[in-house]
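Engineer: Generate coordinates for the entire structure from the input sequences, incorporating the hints supplied.
The lines below spell out each chain.
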Amino acid sequence: MSAHGHADGHLPHDPEKATLEGRNKILGFWLFLGAETVLFGTLFSAYLALRHNVLDGPHPAELFQLPMVFAATMILLTSSLTSVFAVQALHHHKVKAMINWLIVTIVLGLGFLGLEIYEFYHYVQEGHGFTTSAFSSSFYTLVGFHGAHVAFGVLWIGLLIGQIFKKGLTVVTAPKIYVSAIYWHFIDVVWVFIFTVVYLMGKVG
Amino acid sequence: MNRRRVTKRLLPLLAGFALLLSACGREDLSTLNPQGPVAETQFDLMKLSIGIMALVVVVVFAICIYVLIRFRRRPGDTSIPKQVEGNHKLEIIWTVIPLALLLVLGVPTIQHVFGLAKDYSKDKEALQVKVTAHQYWWEFEYKDLGITTAQELIVPTGKKIMFEMTGADVKHSFWIPSIGGKMDTNPGTTNKMYLEFPKEGVFRGKCAELCGPSHAYMDFKAKAVSADSFERWVSAMKAPAKMPEDVEIAKAFEAKCLLCHAIGQENQGSAPNLTGIGDRQTIGGILYNSDVVADPQPGDKPAAQNLHDWIKDPQQYKPDNKMPNAAENGLTEEELTAIAKYLADYKLDYQSSGK
Amino acid sequence: MAAHAHTVKRYKGLMDWLTTVDHKKIGILYLIAGFFFFLIGGLEAILIRIQLARPMQNVVGEETFNQLLTMHGTTMIFLAAMPMLFALMNAVIPLQIGARDVAFPFLNSLGFWTFFFGGVLLNLSWFAGAVPDAGWTAYATLSGPTYNPGHGIDYYVIGLQIAGIGTLLGGINFMATIINMRAPGLSFMRLPMFTWAIFITSALIVFAFPVLTVGLVALMFDRLFQANFFEPGTGGNSVLWEHIFWVFGHPEVYILILPAFGVISDVVSTFSRKRLFGYSSMVFATVLIAFLGFMVWAHHMFTTGLGPVANGLFSIATMLIAVPTGVKIFNWLFTLWGGSIRFTTASMFAIGFIPTFVMGGVTGVMLASAPADFQYHDSYFVVAHFHYVIVGGLIFGIFAGLHYWWPKMFGRMLNEGLGKLTFWTFFIGFHLTFFVQHFLGLLGMPRRVATYLPYQGFDTMNLISTIGAFLMGIGTIVFLINVFTTWAKPRNATGDAWEDGRTLEWSIPSPPPEYNFKQTPLVRGYDAWWKEKMEGKTEMIPAEPVGSIHMPSPSILPLIMSIGLFIAGFGFMYNQLIVAGIGLAITFGCMLLRSVFDDHGFHIEPEDQDKGVHV
Chain A
8 MSAHGHADGH LPHDPEKATL EGRNKILGFW LFLGAETVLF GTLFSAYLAL
58 RHNVLDGPHP AELFQLPMVF AATMILLTSS LTSVFAVQAL HHHKVKAMIN
108 WLIVTIVLGL GFLGLEIYEF YHYVQEGHGF TTSAFSSSFY TLVGFHGAHV
158 AFGVLWIGLL IGQIFKKGLT VVTAPKIYVS AIYWHFIDVV WVFIFTVVYL
208 MGKVG
Chain B
179 MNRRRVTKRL LPLLAGFALL LSACGREDLS TLNPQGPVAE TQFDLMKLSI
229 GIMALVVVVV FAICIYVLIR FRRRPGDTSI PKQVEGNHKL EIIWTVIPLA
279 LLLVLGVPTI QHVFGLAKDY SKDKEALQVK VTAHQYWWEF EYKDLGITTA
329 QELIVPTGKK IMFEMTGADV KHSFWIPSIG GKMDTNPGTT NKMYLEFPKE
379 GVFRGKCAEL CGPSHAYMDF KAKAVSADSF ERWVSAMKAP AKMPEDVEIA
429 KAFEAKCLLC HAIGQENQGS APNLTGIGDR QTIGGILYNS DVVADPQPGD
479 KPAAQNLHDW IKDPQQYKPD NKMPNAAENG LTEEELTAIA KYLADYKLDY
529 QSSGK
Chain C
334 MAAHAHTVKR YKGLMDWLTT VDHKKIGILY LIAGFFFFLI GGLEAILIRI
384 QLARPMQNVV GEETFNQLLT MHGTTMIFLA AMPMLFALMN AVIPLQIGAR
434 DVAFPFLNSL GFWTFFFGGV LLNLSWFAGA VPDAGWTAYA TLSGPTYNPG
484 HGIDYYVIGL QIAGIGTLLG GINFMATIIN MRAPGLSFMR LPMFTWAIFI
534 TSALIVFAFP VLTVGLVALM FDRLFQANFF EPGTGGNSVL WEHIFWVFGH
584 PEVYILILPA FGVISDVVST FSRKRLFGYS SMVFATVLIA FLGFMVWAHH
634 MFTTGLGPVA NGLFSIATML IAVPTGVKIF NWLFTLWGGS IRFTTASMFA
684 IGFIPTFVMG GVTGVMLASA PADFQYHDSY FVVAHFHYVI VGGLIFGIFA
734 GLHYWWPKMF GRMLNEGLGK LTFWTFFIGF HLTFFVQHFL GLLGMPRRVA
784 TYLPYQGFDT MNLISTIGAF LMGIGTIVFL INVFTTWAKP RNATGDAWED
834 GRTLEWSIPS PPPEYNFKQT PLVRGYDAWW KEKMEGKTEM IPAEPVGSIH
884 MPSPSILPLI MSIGLFIAGF GFMYNQLIVA GIGLAITFGC MLLRSVFDDH
934 GFHIEPEDQD KGVHV
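Protein chains in written order, with my numbering: chain A, 8 to 212; chain B, 179 to 533; chain C, 334 to 948.
Please note that the accuracy of each hint is not assured.
[Stated by the list, open to error] Among the chain A residues that face chain C by a calculated CB cut under 8 Å, a handful are:
1) Leu46
2) Thr49
3) Leu57
4) Gln72
5) Met75
6) Phe142
7) Val179
8) His192
[Said to hold, decoys possible] Derived CB-CB ranges, DEER-like:
9) B:Pro480 x A:Leu55: 51 to 59 Å
10) C:Ile810 x B:Tyr244: 44 to 52 Å
11) B:Pro502 x A:Thr138: 46 to 54 Å
12) B:Lys525 x C:Trp757: 35 to 43 Å
13) C:Trp459 x B:Val285: 48 to 56 Å
14) C:Asp349 x A:Leu55: 46 to 54 Å
Hints are computed from structural coordinates only; laboratory data are not their basis.
Backbone N, C-alpha and C define an ideal beta-carbon position, used for all residues, glycine too.
Structural biologist: In C-alpha cells, the structure reads:
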C-alpha cells in the first residue's frame with residue numbers, strides 16, 4: 008500500500024494510522040521515546056548522584072525560585088493540553104482549528120523557553136555557572152537537555168504548521184502532527200519529573 | 179550406564195585437576211598458591227567453582243561428541259529425522275540441575291562476600307595501613323604509628339592488616355595475588371579491605387587497573403616479618419634521618435632530591451619516601467636488587483647500580499612517571515654515583531635473621 | 334498532487350551504493366565496513382600479541398601499546414562485531430518475516446552512514462597522532478582532562494557518539510519492522526529464532542545505548558567544556574562513570590551474543606534437518622537473559638568497593654543468567670540429537686561454538702562469585718573469559734551466519750574446502766590463544782600490561798598465545814581468499830541453497846530481487862518454508878495477488894547528514910565552534926529537506942518484476 012493512496016480522496020477518521028508508513032512512524036516514535044526515557048533516566052541518576060556536591064557555589068535551596076519555576080510548569084502543562092486539542096481537531100479534520108491550537112502550543116513553548124533562559128541567566132549572575140561544581144554541571148546538563156528538547160519541538164511543530172498550509176492534512180502529514188504531539192507530551196512529563204526531583208527536592212534539601 | 183561408576187571415575191579426575199592447580203605458579207605471586215587465609219578462602223571458592231564447572235563442561239562435551247559421531251549424515255542419506263518439538267521432562271531437568279549447582283556455589287559465595295568484607299578499622303589488635311596509589315608507585319602510611327613508606331609494605335605476621343585505600347590521581351588496583359584478592363584505589367573515595375600474612379616472606383604486589391603507560395611496571399612488594407622485627411623496623415623508621423656523610427653530596431641530595439622525596443618521618447614529600455631504601459627488594463618496583471633479594475636472577479644488579487641507572491634515566495624504566503632524569507635535574511655523574519651508593523647503604527637493619 | 338507516475342531517479346554504480354535504501358545492499362555495506370574494521374582490529378591484536386610474545390620486549394612502546402589495546406577493544410566491539418551483526422540483520426530479517434523492506438529504509442541508510450563516519454572519525458585518531466589510550470572502558474579519571482589532556486579520548490567520545498546514533502536507529506528500526514511488517518500468519522511464536530534474537534537485541538539496544546550516550550556527553554562536557562561530572566577535585570565522582578558505562582556495557586554484551594545465539598539456532602536446525610528443540614523455552618530463555626542482563630552490571634565492579642550487600646546481590650543475579658543460557662545449550666545439543674547432521678563450514682562453526690561458548694559461560698559463572706572475582710578481576714583470566722564469549726561465541730556465530738547466508742546475500746556458494754580450512758585454523762588458533770590466558774591470570778598476570786618481567790612463569794604461555802593469534806589471522810586471510818576467489822565465479826546458488834532451508838528466506842531466489850517477495854507469502858506454521866516443502870509444494874502460498882510493488886526512493890541525504898555530524902565532531906574536538914555549527918547545520922538542514930519533501934517512492938509493475946532475477 009502506498010503512502011498517498013488517500014492523499015487526494017476522502018480522509019479516513021484516523022488519518023495518522025491509515026497507512027503502514029503512518030503506523031510504522033508512530034510505533035517507531037514510541038520506541039524512540041523509550042530510548043529518550045532511558046536517556047533522561049540516566050541524566051536524572053547522574054544529577055541525583057552529584058547534586059550535593061555544590062562546592063563554593065550556591066546551594067539549591069537558596070538558588071531555586073519556586074514561583075517562577077511553577078509558572079513555567081503551568082505554561083508547559085497548558086501547552087500539553089492545547090496540543091491535545093490540536094490532535095482532536097485533526098481527528099475531526101478541522102484543519103484550521105488544528106493549526107490554531109498548534110500555534111498556541113508553540114507560543115506557550117516559547118514562553119517556557121523564555122522563562123528558562125531568564126532563569127539560567129539569573130543563576131549565572133548568582134555564581135552558579137556550568138563549571139562551578141558537579142552539582143551545577145549536572146543541573147545544567149539535565150535541565151538544558153530538556154530545554155533543547157523543547158526548543159527542537161517548537162521548531163518542529165512550527166515547520167509542520169508550514170507543511171499543513173502547503174500540503175493540507177493528508178495521510179502523509181497527519182502522522183507527523185500526531186507524532187509531534189506525542190513528543191510534546193513526553194517533554195512535558197519529563198518536566199514534571201524535573202520540577203519534582205530537581206526543584207522541589209532541591210528546596211527541601 | 180551405572181551412575182556410581184561414572185562418579186567414581188570422575189572423582190579422581192577432579193582431584194587430579196585440583197592437585198595440578200595447587201602446584202601451579204610462584205609461591206609469592208600465584209593465586210593458585212595461596213599464602214594467607216584470605217587467598218586460601220578465595221582459592222577454596224575457586225576450586226569449588228572450577229570443580230562444578232568442569233563437571234558441566236565434561237557433560238556438555240560428552241553429549242556433543244556423542245551426538246556428532248552418532249548422528250552424522252551418511253552420504254546419500256535423504257531421510258527426514260523425526261521433528262521433535264521438545265521434551266518437558268528434559269527441559270525441567272536442565273533447568274533444575276543448574277539451579278542446584280548454583281545454589282552449591284551461591285551459598286559459600288554469599289558467606290565469603292560478607293566474611294572478606296569485615297571491617298577491622300576499629301580493632302585495636304589490627305594494624306591500620308593507608309594505601310595511596312600514585313602514577314606509578316605505592317605509598318603506605320601507618321596512621322597509628324606515624325610512619326610513611328613507599329613501594330615496600332612491611333607487615334608483621336599474625337596480625338590482621340586493615341587497609342584503607344585511595345588513588346591520588348587515577349584509578350589503580352591493589353593486588354597481592356598470593357595473599358588475597360584485589361581492591362581498587364579510586365580517586366576521591368576510600369575503600370577498605372583486610373589481609374593476613376601468616377608466613378614470613380616477600381610477596382609480589384601488582385597494580386591491576388590500567389593507569390597509564392607504566393601500568394605494567396607498577397609493582398610493589400609486601401614483606402611479612404616477625405612481630406619483633408616489625409617493632410625494630412618501626413623504631414628504625416622513626417629514628418632521625420641519616421643524611422649523606424659528604425657535605426657536598428648531602429647538599430646536592432637535599433637540593434635535588436628532597437624537593438619531592440623525603441627521608442625520615444619529619445615531613446612527607448610528593449614522591450616516595452626513601453627511608454631505608456637500601457633494604458628494599460627493588461628499585462622502582464621492577465629493578466631487582468641482586469644484593470638484597472633471596473633469589474637473584476641473571477640480569478639482576480646490585481642496589482647501588484640499580485639506583486644509579488634509575489636516577490640517571492627513570493623515564494627509561496617507567497615512562498610517564500614524574501621523576502626527571504639526572505641531567506634535567508642537574509645531577510653530575512659524581513653526585514649521582516655518590517647518592518646511589520648512599521641510598522643503597524641506607525639500611526635499617528631490623529631483621530634478626532639479617533636476610 | 335499526482336498519485337502515481339512518479340519518476341524517481343535510479344542510480345548506477347557507486348552512486349547506487351551511496352544512495353541505496355535497500356536493506357540487502359545496506360547489509361552488504363555493513364558487512365564490508367564491519368569486516369574492514371575487523372581487519373584493523375585484528376591487526377591491532379596481532380601487534381599486541383607480538384609485543385607480549387616475550388618478556389620485557391619493546392616492539393611497540395608502552396604508550397602505543399595502550400593505544401592499541403584501547404582501539405582493539407573499541408574497534409572490535411563497536412565497529413566490527415556490531416556492524417557485522419547488523420549486516421546479518423539487514424540481509425536476513427526482512428526475508429525471514431516475509432517483508433519487502435524494513436520499517437524505515439531511510440533511517441536504515443542513515444544508521445549505516447553514521448556508524449561508518451563515526452568509525453572513520455575514531456580511526457583517524459591514528460593519523461592525528463592522538464589516539465585514545467584509556468581502554469575501551471575509558472575509566473575516569475584516566476580518561477579525564479586532567480590526566481589525559483590530548484585529543485585522544487575526544488576521538489573516542491565523539492566517534493562512539495556518532496556511531497552510537499546509527500546503532501540506536503538500527504535498534505528502533507528492527508523492532509518496528511518485526512512488530513509491524515510480519516507476513517500474514519507469522520505470529521510471534523512462529524518467528525524464526527534468529528528473528529526473535531534480533532528482536533530482543535534491538536530492544537536491548539534501544540534501552541541500553543542512550544545510557545552510553547549520556548555517559549559520553551558527560552565525559553565530553555568534562556573534557557571540552559570544563560564540566561565536573563567525573564572530576565573528584567571539583568565534586569565529581571569517578572565511580573559514576575563506571576556505573577554509567579556498565580549499565581550500558583553489560584546489556585551490550587548481550588546485544589553482541591544474542592544474535593549469535595539466533596544464528597546458531599537456525600544453522601544447527603537446518604544442518605541437522607530437525608526442528609529446533611524446545612522452541613518456546615528458547616524464546617523464553619532469550620527474553621530472560623535480556624531482562625537479567627540489565628541487572629547485573631555491577632559484577633564488572635566487584636572490586637570498586639560497592640560493599641558486601643551489592644556484591645552479594647549482583648553475584649547471585651549474575652549466576653542466575655547461567656540457567657537460561659544452559660537451557661539454550663542443551664536445546665541445541667538436543668536439536669542435533671536424533672538429527673541428520675551435515676558438516677558444512679557453517680555447521681562446523683555452529684557446532685564449534687557450543688563447547689567453546691560453554692567454556693566461556695562457565696568461567697562467567699566463576700567470575701560471578703564476588704570473593705573469587707577479587708582474584709580474577711582485571712587479570713588475564715578475565716581476558717580469556719570474554720574472548721571465549723565474544724570470539725568463541727559471537728565471532729564463531731558471525732562466521733557461521735556468513736557462511737550460511739552468503740549464498741542468499743550474494744548468490745554464490747563459498748568454497749567448502751577453503752571454508753573448512755578457515756574453520757580449523759581459526760578454531761585451533763582461537764583455543765591456542767585464549768585457553769592459556771586463563772592460567773596466566775591465575776598465576777598473577779594483570780591485564781592491559783604492556784609487558785611483563787621474566788621469571789614469573791608467564792613466558793611460555795604468552796608465546797603460545799601469540800602463536801595462536803597468528804593462526805587466527807591465517808584463518809581470517811583464508812576466509813578473504815575464499816570470498817575473492819568465489820567472487821570471480823558466476824552465480825551458482827539456488828533459492829534453497831542448502832536444500833534443507835526451513836525459513837522464508839530460502840523460499841525466494843538467491844540473491845532475492847529488489848522487492849524480495851513478488852507476492853507476500855502466507856505463513857501457516859513455524860518453519861514456514863519447511864512446512865510447505867514437507868507437503869510437497871515448491872513455493873509459498875501467496876497472501877496477495879501479483880500487483881504493482883511500491884518501493885522507497887534512494888536518497889543521498891543520509892550520507893550527507895552523516896558527513897555533517899562528522900564535520901561537527903571535528904569542530905567540537907578542536908574547539909572550532911563555527912565548524913561545529915556548519916556541520917550541525919548540514920545535518921539539520923538535511924532533516925528539514927527530508928521533512929518538507931515527501932518521499933513518494935516508485936512502483937515496480939508486474940511486467941518488470943522478473944528483470945534481473947537469478948533463478
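Engineer: It remains to establish, for every hint, whether it holds in the given structure.
Structural biologist: Hints, one by one, checked against the model:
1. About 4 Å separates the beta-carbon of Leu46 (chain A) from the nearest beta-carbon of chain C, less than 8 Å, and the hint is met.
2. Because the smallest distance between the Cβ of Thr49 (chain A) and any Cβ of chain C comes to about 4 Å, under 8 Å, the interface hint for this residue holds.
3. For the restraint placing Leu57 (chain A) at the interface with chain C, the shortest Cβ-Cβ distance is roughly 6 Å, inside the 8 Å limit, so the hint holds.
4. A hinted interface residue such as Gln72 (chain A) counts as satisfied when its beta carbon comes closer than 8 Å to some beta carbon of chain C; here the least separation is about 23 Å, so the hint is violated.
5. Below 8 Å, beta-carbon pairs count as interface contacts, and Met75 (chain A) has none with chain C, the closest being about 25 Å; its hint is therefore violated.
6. With 8 Å as the threshold, the beta carbon of Phe142 (chain A) comes within range of chain C, its nearest partner Cβ sitting at about 7 Å, so the hint holds.
7. Because the smallest distance between the Cβ of Val179 (chain A) and any Cβ of chain C comes to about 5 Å, under 8 Å, the interface hint for this residue holds.
8. For the restraint placing His192 (chain A) at the interface with chain C, the shortest Cβ-Cβ distance is roughly 19 Å, beyond the 8 Å limit, so the hint is violated.
9. In this structure the supplied range 51 to 59 Å holds for Pro480 (chain B) paired with Leu55 (chain A), their Cβ-Cβ distance being about 57 Å.
10. With their beta carbons about 34 Å apart, Ile810 (chain C) and Tyr244 (chain B) fall outside the hinted range of 44 to 52 Å.
11. Hint check: Pro502 (chain B) to Thr138 (chain A), Cβ distance near 32 Å, so the stated range 46 to 54 Å is violated.
12. In this structure the hint that Lys525 (chain B) and Trp757 (chain C) lie 35 to 43 Å apart at CB is violated, the actual value being about 59 Å.
13. For the pair Trp459 (chain C) and Val285 (chain B), the beta carbons lie near 50 Å from each other, so the given range of 48 to 56 Å is met.
14. At roughly 50 Å, the beta carbons of Asp349 (chain C) and Leu55 (chain A) sit within the given window of 46 to 54 Å.
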